[in-house]
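As they're listed, the protein sequences go chains A and B. Read left to right, the first sequence gives residues 1 to 326 (our numbering). Read left to right, the second sequence gives residues 327 to 622 (our numbering).
These are computed hints drawn from the structure, not numbers from a lab. For every residue, glycine included, the Cβ atom is placed at its ideal position computed from N, Cα and C. A portion of the hints provided could be inaccurate.
[Said to hold, decoys possible] Residues from chain B that face chain A, not an exhaustive set, calculated with beta carbons under 10 Å:
(1) S391
(2) G471
(3) H472
(4) R541
(5) V555
(6) D559
(7) R560
(8) E578
(9) G581
(10) A583
(11) Q584
(12) H588
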Amino acid sequence: MVERLQRFGSLALVLSMGLAITGCRRPSSGADVQVDGSSTVYPITEAVAEEIRDAFPDIRVTVAKSGTGGGMKKFGKGEIDICDASREIKSGEAEVCKENGITYDHFMVAYDGIAVCVNPQNDWCDTLTVEQLKDIFKLDSPIKTWKDLNEAWPDEEIKLYGPGADSGTYDSFNEQVLGKGTKIRTGYTQSEEDNVLVNGIAQEKYALGYFGFAYYVENESDLKVLAVDPGDGNPIKPTMETIREKTYAPLSRPLFIYVNLDSFKEPKVQQFVKFYLDHTAALSKEVGYVPVAEEIAIENQDKFSKLTSGGSEETESSEEASEPNA
Amino acid sequence: MNITAEERAYMERYRKHKWLLSKCFSVLCLAAMLSCLGILLLLLGSVLYRGMHYLDWQFIEGLPSRNAEKAGMWVYLIGSLWLIGLTALFSVPLGVGAALYLEEYAADTRWKRAVQVNIANLAGVPSIVYGLLGLGVFAWALNLGHSILAGALTLTLVVLPIVILATQEALRSVPGSIRQASYALGATRWQTTWRQVLPAATPGIMTGVILAISRALGEAAPLVAMGAVQYVDRAPDSIWSTFTALPLAIFEWAGRAQPEFHDLSAAAIVVLLAVLITLNMGAALVRYRFGKHIRW
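Only chain B is shown next, with the shape it has when bound in the complex:
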């Protein structure tokens, strides 16, 4: 086949054009990544810069005060730990159980698909809605009051869809051949699920759970709606205690008239981020540890 000079020039131009386009796209993607990173670094930098000089042990274990020098976040921190602890306690068995039922037991009926769609929708419901639901159901109807228990149950509602969806995803990623092999050896469904599928899915489930708990840790709106208070004088000591939480400290201090409290708010953000990072590192560790034992 003969290619004329004209055609050759055209192809050359085309190739150049293509190359330029491809280059442009990669530069655009890089720019997107850099601006995300930049914004994040700016945020972290300003928070660290403003909050750093308040960060010391006294700030961590101090009680609330109207005096920024003396104010600490102990009650907020402990309140948050209570909340996420209880939330994990409620949402893990419920969420994992529900996911196991949907993935391993339920037949693929119209009913199951309806449930599935609803769970996915619930994951997108704004958390303030759950807060109002929690106020009506847990605080008033079940008479739990504005207690930590009611708060944790409310947060459980917020994160439950996330736990279910993550667990389902993890269960689905376990190859069908594992189940088949287990059945072939005469194992029951319970044995297969408990001894093969669940251990294999654990890293994925744990990742989902910890992401969900991180979400619960950062929620302020549903807690305010269901009746968390701004000032408690001591850390809560039972599930019936009136409570407050870390994000509320941030919100509360940022709204004060005195500028020193705004720096205190930044310091509280640093602590919140530290707790979050610890949780996420825990997730990574679990994924790594459990992942090592899985061979297929």
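For reference, chain A alone in the conformation it holds in the complex:
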């Protein structure tokens, strides 16, 4: 009996030692700048991280892509320094930051358009109105075949493709096309993997789908992009120009980075953000997005200098965030 007790005693000792070791303060992760968030913004941030690796080798950067929502969760916990976002921070997320004493500011780094695409063999449809898109994608949609959209079009079922519910593109599309209060239909191919959508549409003559503009740019020869008519009888195709000039409405959106202002006090984080703002125009274009307009770039630089000169009195200046679609 005593022996058994001893055995258990030593076991308990070993276990508690293990806990004590693991419970003590954790050394740094080795990364100076930790970024997480939107998978849409990821390619830009990755490009920035790659460039800064060559320019300033002593700044160590990690980038993850848990989605805007997932990134914001970590951001609110103070686990990351920068959150990539394909939308503005939600009030609930801002609330969490406030509770945890996290102050932040944000910069607009690029625009992204949502491309509505069909198969290249589709020679009947060049344009859809936002109203038609809404009819196609709303819950219990009466539209089953192309003929339902237009009498002259083939009597074939429309095979629909779209991103999954975790995607920021999905949120944006629902917001811009369906509007508040209309639910999206079910029973079509949804995937978080944009390639699944691209391949599906490229192989299916009667397909229709939407995804980020960058994926269309990379697969231009396999897809046909539709012009979208916002309802004024003036359909616009997504291009670099129409997205930047916001004439490709309503399917374009701004992309942001949110910076934790506590982290921002670190010179290396500052350097990273500076580098980001200086190079985002060229890099976002390279990876298939649309650079922000000149005046926003200047505004970003102003905001940056204000923040570095110790002017972090305001936590969040939101006046410019809502501006892009105005």
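Chain A is fixed; fit chain B onto it per the hints.
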């Protein structure tokens, strides 16, 4: 006994029928084997065909890049090696110890049987569940962060049941007479276990461990769940580093818009397979080397 012609004909038919049936079955089995092999060869062939032209030293030691020509898998490879190294370090003593206790020490009580059933069940739990557990326990509760250490501990949870079950199997295959003989010579239980049973079981244990490590090497879901990142700029240099791993590279590249990255993904699969095959050959070697010394 007289057999009528009718009976003889019947038996003849029966024999033919039997022969046909037996032939059919063997053909079916052959077909099953061939289709398995075919699928495997198709997979390997397409991966090799697509990935081969990216496979060179520059691809192995290159850092991540948005440019497929420059992109390499060094950080992913090293991340994976760190992970499986630490996982082996944690899971072998724990797993073998647990198995030794269950096989050599524990009395066959209801309690032991309950533990046994649970271990077998745990081996079948989807790894994503362990990933979420790892996130909650290691990353948050124990404050290890999204570090390699937390990742390795998570993978340890995934493979521990496999190690325990394999070790138990290996221990059971050691004949009882060995233990009896050892006791008869006055050896204690510790001496018997350490000097007789464990060496005899080593080939089996090693096989189990290496299979478990191969499993850990291929896991992506639990790592993503517990917070592995997609881009790190350099290979990790301590157990506290933020990390990424080989399967994540495959997943990440396969999801890119540019078709060149899909070939890069295939090349990464080839590297992953190469590491796996190396591990398995190591297992075979160990089994052979240790197996030679065992005579009974």
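Going down the list of hints, with the structure as the test:
1. S391: 6 Å, holds
2. G471: 6 Å, holds
3. H472: Cβ of H472/B sits 7 Å from chain A, so the hint holds.
4. R541: 24 Å, violated
5. V555: 4 Å, holds
6. D559: 5 Å, holds
7. R560: 6 Å, holds
8. E578: 9 Å, holds
9. G581: 5 Å, holds
10. A583: For A583/B, the interface hint holds, since the closest Cβ of chain A sits about 4 Å away, which is under 10 Å.
11. Q584: 5 Å, holds
12. H588: 8 Å, holds
Consistency with the previously given hints fails for number 4 only.
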